[in-house]
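So the chains spell out like this:
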Amino acid sequence: MDLQAIAFYLLAAITVASGLLVITARNPVHSVLFLILAFFTAAGLFVMLGAEFLAMLLVVVYVGAVAVLFLFVVMMLDVDFSQLREGFSRYLPIGMVVGGVLAIEMILVATTVANRGAASLNAAPANPDAALPNAEAIGRVLYTDYVYFFQAAGLVLLVAMIGAIVLTLRHRPGVRRQNIADQVARTLESGMEIVQIKSGEGLSE
Amino acid sequence: MTSTALDFWATPLGWSLITVGQILLVTVVLLLSVAFQIYGDRKIFAGVQMRKGPNVVGPFGLLQSFADLGKFVVKELVIPAGADKAVFLLAPLISVTLALGSWAVMPFGPGWIVSNINVGVLYLFALSSLGVYGIIMGGWASNSKYAFLGSLRSAAQMVSYEVSIGFVVITVILLAGSMNLQQIVESQSGGFWNWYMFGGGLANWPILLVTFPMGVIFFISGLAETNRPPFDLPEAESELVAGYAVEYGSTPYLLFYLAEMSNILLMSMLFAILFLGGWQAPFPTPFTADWAPTAVSLFAFMWLFLKTIFVFFMNAMVRAIVPRYRYDQLMRLGWKVFLPTSLVAVVLIAAWRVFGPQA
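Heads up: the sequence lines are chains A and B, in that order.
In terms of the numbering used here, the first sequence opens at residue 26 and continues consecutively.
In terms of the numbering used here, the second sequence opens at residue 27 and continues consecutively.
One or more of the hints may lead you astray.
Said to hold, decoys possible - Only part of the chain B face toward chain A is listed, based on derived beta-carbon distances under 8 Å:
no., residue
1, L126
2, V140
3, N142
4, I143
5, Y149
6, A152
7, L156
8, V158
9, Y159
10, W166
11, A181
12, M205
Claimed, not checked - To list a few chain A residues with every Cβ distance to chain B over 12 Å, as calculated:
no., residue
13, E77
14, M121
15, G225
The set of hints was computed from the structure by calculation and includes no laboratory data.
Think of the CB as a built atom: it goes at the ideal place given N, C-alpha and C, for glycine as much as any other residue.
Isolated chain B (complex conformation) (with noise of 0.2 Å):
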C-alpha cells in the first residue's frame, strides 16, 4: 500500500501535483500573513504617535485586513480616459505574479521548501529586478505625469540600491560558498556566532567588522527597494499625490499592495536567512536529535518566524520614526556611500576566504 502510493507520488502527474499543493500552501499562509503584517505595521505605527490604530473590526481590529479587502473588492474600476488598457491591468497583476514568486526559493525549515534551486539566491535577485516593470508600466499606462514621474522615481531607486544589494549578497555567498539558500542557512548552523551578521564562526571574528555593517546596509537597502520610509519617495504624497499607484483603485491597486507588503516580508525573511542564521535556533540544539522530523522542523520553523518578525518589526519602527530622505540624498547614499563600502567589503571578504586561516 505504502510503497504503490510512493511510486504515485514519484510520477510526473503526482509530482505535479504534490508541487502544486506547496504552492497553494506557501501562497495562502503568504497572504494570511500580508493581512496580518498590514495590521501589525498599522499597530506599531499607531503606538508610536500614541493613537490606537485600528480597533474596531473584530477583536482588538485583528480583522481590520479583511474588512479593507472587502472594501476593494467591492469598488468600481476606474480606467482613466487614455490610459492604455492592457498595459494598466497588466502592470498590478505583473508586479504581484513577481512578489509571489519570490516565495519559491525560501527555505521556510529543514525540507520545507518549494523549489531547492542552486541558484536561488540568483532567481530572487532577478525576480526584484523585474519588479520594476510592474512600476513602470502602471505609471506610464496611467497617462498622468503624477504617475509617471513616481514611476520614474521609484523604478530609479529600485535600479540603484540592487546594486548595492547585489554586492552585499555576494559577501555572504562568498562566505557561504553557495548560492543555494537553504546551505546558505545550513551553513550557519550552531549557535548565534555563526550567522553572518556576525562573522559566520569564531574562527572568523575579525570579519565581524565587515559582515555587521554588511547586514546594515542590507537593512537599508531593502527599506530602499521595497520603497518604504524613510524611502517611500514614490509615493511623496506632498508632491507627487500617491506615485505611480495615483490612477489606481479597487482591485488592481489592491495587487500593488499586496505585492508591496509581500516584497516587505520577503526582504524581512531574506535578512533573516542571510544574515540571522535562517531557520537557526541561536543555540546549539543536541536535544531535536531524537524528535520526531515534523516536531524538527516546525522547531526551525518557529525560529525563521520570530527573526522574521523581528527584522520586521525594526522595518515598521522605522517607517514611524524615520523621517522621509530627499531624492538627491537618497541617491547620494545609494551610489556615493553604499555601492563604495559594498565593493570594498567584497574585496576583503574575498581576500579572508582565500588568504585567511580557514584558505
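Here chain A stands alone, though its shape is the one from the complex (with noise of 0.2 Å):
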C-alpha cells in the first residue's frame, strides 16, 4: 500500500466517522464541529484528487464562512432536546422513505462505477493538461462554455442577498445614527455657537 492509499483511507475513514458523528452527537455545537471536521477533510480528499484549488475554495467559502454562521446560530439557539425528541415519532416514516431514496441512488451509482459502466473509474482526468495550473484550466471552460450559467450563478447569489436585505432592513424613526461626513464637514462656526447672555435673564429654549 503506498502513500496516497493510506492518506486516502485515513481520510475517507474520518469523513465517514465525522458525518456520522455529526447526527449522532448529543450537543447541538459539537454536530457543528464535527460537520467542519468532514468539510475539511473532504477538502483534503481534493487535494489528494489533484484539484487543489478546490479544496482551498472549500475551506474557504465552506469552512471559513458558511459554516462559520452555523456556528454563531447553534450557539445562539437555545436548543430544547426533549422538546426535539417529541415529533422523532411522528417524522420517523418521512425520514426513512428519504434516507431509503438517497441510499438506493448512492448504492446505484456506486454499483455502476464498480462495474464500470456509465461512469468509468478511469474517467478522463480533471486537469486534462497537468501542465496548466489548476485554477487556469478551471477559469478557461468556466469562463468561455460555461459563461452564462456563471452569471446565472452570480445572479442566484444577488438575488439571495438582496432578498435576506429586504427581509431584515428596518428604518424605524429616532434612531441616532453617526455621520461621519457630517462630523468631518464640521468647521468652528457651524460648530459653535457664541451667545452673549444677559445677567439675569438665561437662554430662552
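Dock chain one against chain two, each of which comes alone in its own frame, and use the hints as you go.
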C-alpha cells in the first residue's frame, strides 16, 4: 500500500466517522464542529484528486464562512432536546423514505462505477493538461463554455443577498446614527455658537 | 557515494525525512523569532511611552520572553466548572496548529520554501479563515459571557476584514499572474520600482495610484485580522476583561498568545512578500551572479528579514500610537470603506491588465 492509499483511507475514514458523529452527537455545537471536520477532510480528498484549487475554495467558502454562520446560529440558539425528541416518531416514516431513496441512489451509482458502466473508474482526468495550473484550467472553461451558467449563478447569489437584506432591513424612526461625512465637514463656525447672555435673563429655549 | 546519497533523498522515506527536517527548522526559527518579537513589541511600546520596558532578565532584558515561557508552563491549568473540557483544550491547539501551518508556503529565499504549491496564496487565505474557529471554540467552551461576547466580536471582525484582504490579494495576483508565492516574489525582481507597492514596474506607473492605497489597506486589514490595536476589541480589557481568552491560563493561554504573535509575524512577512518584493533586494543585483547559491539565498533572506522587521516595527508603532476603534466604526471601516475601495481597485487593475500597454 503506498502513501496515497494510506492518506486516502485515513481521510475517508475521518470523513465518514465525523459525518456519523454529526447526527449522533448530543450537543448541537459538537455536531457543527464535526460537520466542519467533515468539510475539512473532504477538502483533503480534493487535494488527493489533484484539485487543489477546489480544495482551497471549499475551505475558504464552506469552512471559513458558511460553517462559521452555522456555528454562530447554533451557539446562540437555546436548543431544547426533549422538545426536539417529541416529534421523532411522527417524522420517522418520512425520514426513512427520504433516507431510503438516497441510499438506493448511492448504491446504484456505486454499482455502476464498480462495473465500469456509465461512470468509469478511469474517467478523463479533471485536469487534461498536467502542466496547466488548476485555477487556470478551471478559468479557461468557466469563462468561455460555461460563462452563462457562471453569470446565472452570480445572479442567483445576488437575488439571495438582496432578499436577505429586504427581509431584515427596517427603518426605525428616531435612531441616532453617526454620519462621518457630517462630522468631517463641521467647521468652527457651524459647530460652535457664541451667545452673549444678559445677566438675570438666561437662555430662552 | 554522492549519487547513492542523492538517490536516498529521492525515495519516499528520504523525502519525508528531509521535509520533516525543513518543518522543524522553520518551526524552531519561528518560535525563537516570536520570543524576540514579543520582546521587541514591548520595548517599542515602552519606548513610545518613555518607559524602559523589560530590562531585568538577561542583558537588556533579552531573555524576558523565555522567563515568561517558564512562568506559563509551570502554572496550574485551571478548567472552569461547566466548561466543555474537550473543546476548551482543543481551541488553543487548533489556533496554534493553523498559525504554524501557514508558514509552510512562505518563500524565505530563492528555493527556500517548505512547500512550493501553486495555490499558495489561497492556502494562506484558507488557513487564516480557519483561525476563527480556535477563537469561537475557546469563547464558547469557556462557559462565560465575557469570553463568548469577546469571541463573537473577534470572529465577526476577522470574517469582515478577510473579505477586503481577499480583494487586495487578488489585485496582486492579477499583476503577478500567479497564486504561487515564490512566483509572486520572482516577478518583483530588479529593484524597488518593480515592487507591487509601487505598481510593479516603470511601465505600470499609472497604477501606482491604485496599488499603493491597496498596500495601505492590506496593512490596516492585517491589523484587524490579527486583532492588533487599534482593532483589539476582542480583548478590550475595559469592557470584556480579556475577551475570548479570559478563562484561559497556563499553557493553553500560552498557545493562544503564540498563535496570535505568529500570525502577526506572518502578516508582516506577507506584506513584505506581496508588496515589498519579498526576498528581492531593492536594487538590481548583477554582482551576485558568480556567488555560491547558498550565499545568494542568505543575501536574499537578509532582505526579507529586514523588510519583515520594518513592517513589524510599523505594526508596533501603530499599537503604541493609535487609540482603539469603537466597534461600529470598525465595521463601517471594513464594509463601507475598504470593501468598495478594494473592489474598484480589482476592476481597475484587471482593466489595466487587459487594456493597458502590456496587454
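Status of each hint after checking the structure:
1. L126: Cβ of L126 of chain B sits 17 Å from chain A, so the hint is violated.
2. V140: Since chain A brings no Cβ nearer than about 16 Å to V140 of chain B, farther than 8 Å, the hint is violated.
3. N142: For N142 of chain B, the interface hint is violated, since the closest Cβ of chain A sits about 12 Å away, which is over 8 Å.
4. I143: Cβ of I143 of chain B sits 7 Å from chain A, so the hint holds.
5. Y149: Nearest chain A Cβ about 6 Å off; hint holds.
6. A152: Result: holds, 4 Å to nearest chain A Cβ.
7. L156: holds (6 Å)
8. V158: holds (6 Å)
9. Y159: holds (7 Å)
10. W166: holds (5 Å)
11. A181: With a minimum Cβ separation of about 6 Å from chain A (threshold 8 Å), the hint on A181 of chain B holds.
12. M205: Holds - the Cβ of M205 of chain B comes within 8 Å of chain A, reaching about 6 Å at its closest.
13. E77: violated (5 Å)
14. M121: holds (32 Å)
15. G225: Holds: least Cβ distance 42 Å, greater than 12 Å.
Consistency note: the structure conflicts with the earlier hints numbered 1, 2, 3, 13.
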